[in-house]
Amino acid sequence: MSGSLRHMGVLDQWWGHGFWDHRKLVILVVLVLFLAPLCALDKIDSLSTTSAASVALAVVYVVVAFIIAAIKLAEGKIEPPRMSPDFGSWSAILDFLVVIPIMSNAYVCHFNVQPIYNELQEPSPHKMYRIGRITTIICVLIYASTAIAGYLLFGKDTESDVLTNFDKDLGIRFSTALNYIVRIGYVLHLILVFPVVHFSLRQTVDTLIFEGLNPLSESRKRCLVLTFVILCLIYLGSTTIPNIWTAFKFTGATTAVSLGFTFPSLIALRLSRVGSGLSQVERYLSWVMLTLAIIVSIAGVIGNIYTFQSN
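For reference, each letter of the sequence shown is one residue, going 1 to 311 in full-length UniProt numbering.
None of these hints come from the bench; they were simulated from the model.
One should not assume that every hint holds.
[Unchecked claim] Label pairs and their in silico Cβ distance ranges:
| no. | residue 1 | residue 2 | range |
| --- | --- | --- | --- |
| 1 | 288 | 242 | 35 to 45 Å |
| 2 | 51 | 224 | 18 to 28 Å |
| 3 | 107 | 274 | 40 to 50 Å |
| 4 | 56 | 136 | 17 to 27 Å |
| 5 | 294 | 136 | 17 to 27 Å |
| 6 | 158 | 127 | 31 to 41 Å |
Just so you know, even glycine gets a beta-carbon here, dropped at the ideal spot from N, CA and C.
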């Protein structure tokens, strides 16, 4: 919305450069008007409507991007994209390895499983397992479609944040309107996704600090105070860190890989020693997942450090 040195934001395109498109001010307005009211809710099922809307907005982006790609393909305005990674240098190889930890951030939703399970109607492990499978498939389809559509449109000029590619003329009719739909729609998508992640963070902090007290859902005052403190810290972090990809790279190589792959495989292997819950194939897959997680984490950290020093 506010843009950067390399990217023209929506507010800048609408009203020109001024105090209204300052990054810190835009984040503060979004925080106060949108995030704070949603994050103040004390039950995760209260976010079901906004979560569904966020998925719909992500689908809108994918549909619009594919329509644009189809039009440009029919008009012969799309160059054939490169179909394989560039391994021409050591730096390119490290950049490729760093992508995997960043992608891990997208599939880490484990901390929301228990809160969602607790608020299901007639909860059961089988029902939660089915929900997990369906949501994972939906996420994979949306992520893959987003990547394919973006790469078809922009080829080798595709940015790490593909939304920044939509600040220029796309070479088709209604290009400006489509650019606004994609960028504003995805901003709204991110706003609606954030409260779900915040809910689990708030519960975890409450458990660590106020262990032994009543559940957070029974103390409205404690809920609001924790929400206020967490949002203030998040605001400070978001305005202090100049590039979000720096945070994504390191959290992806450490926290995301640990939560998504390392800990689940370790727990599965530990439980297999206690009982006979895992088959031989599942035990083998757990070892494979643990090994890959360690390799990806080490490669990601090394690649991040190398890239950071090079820049």
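Okay, the hints, checked on the actual structure:
no.: 1; hint: 288 to 242: 35 to 45 Å; in the structure: holds, 38 Å
no.: 2; hint: 51 to 224: 18 to 28 Å; in the structure: holds, 22 Å
no.: 3; hint: 107 to 274: 40 to 50 Å; in the structure: violated, 27 Å
no.: 4; hint: 56 to 136: 17 to 27 Å; in the structure: holds, 18 Å
no.: 5; hint: 294 to 136: 17 to 27 Å; in the structure: holds, 23 Å
no.: 6; hint: 158 to 127: 31 to 41 Å; in the structure: holds, 39 Å
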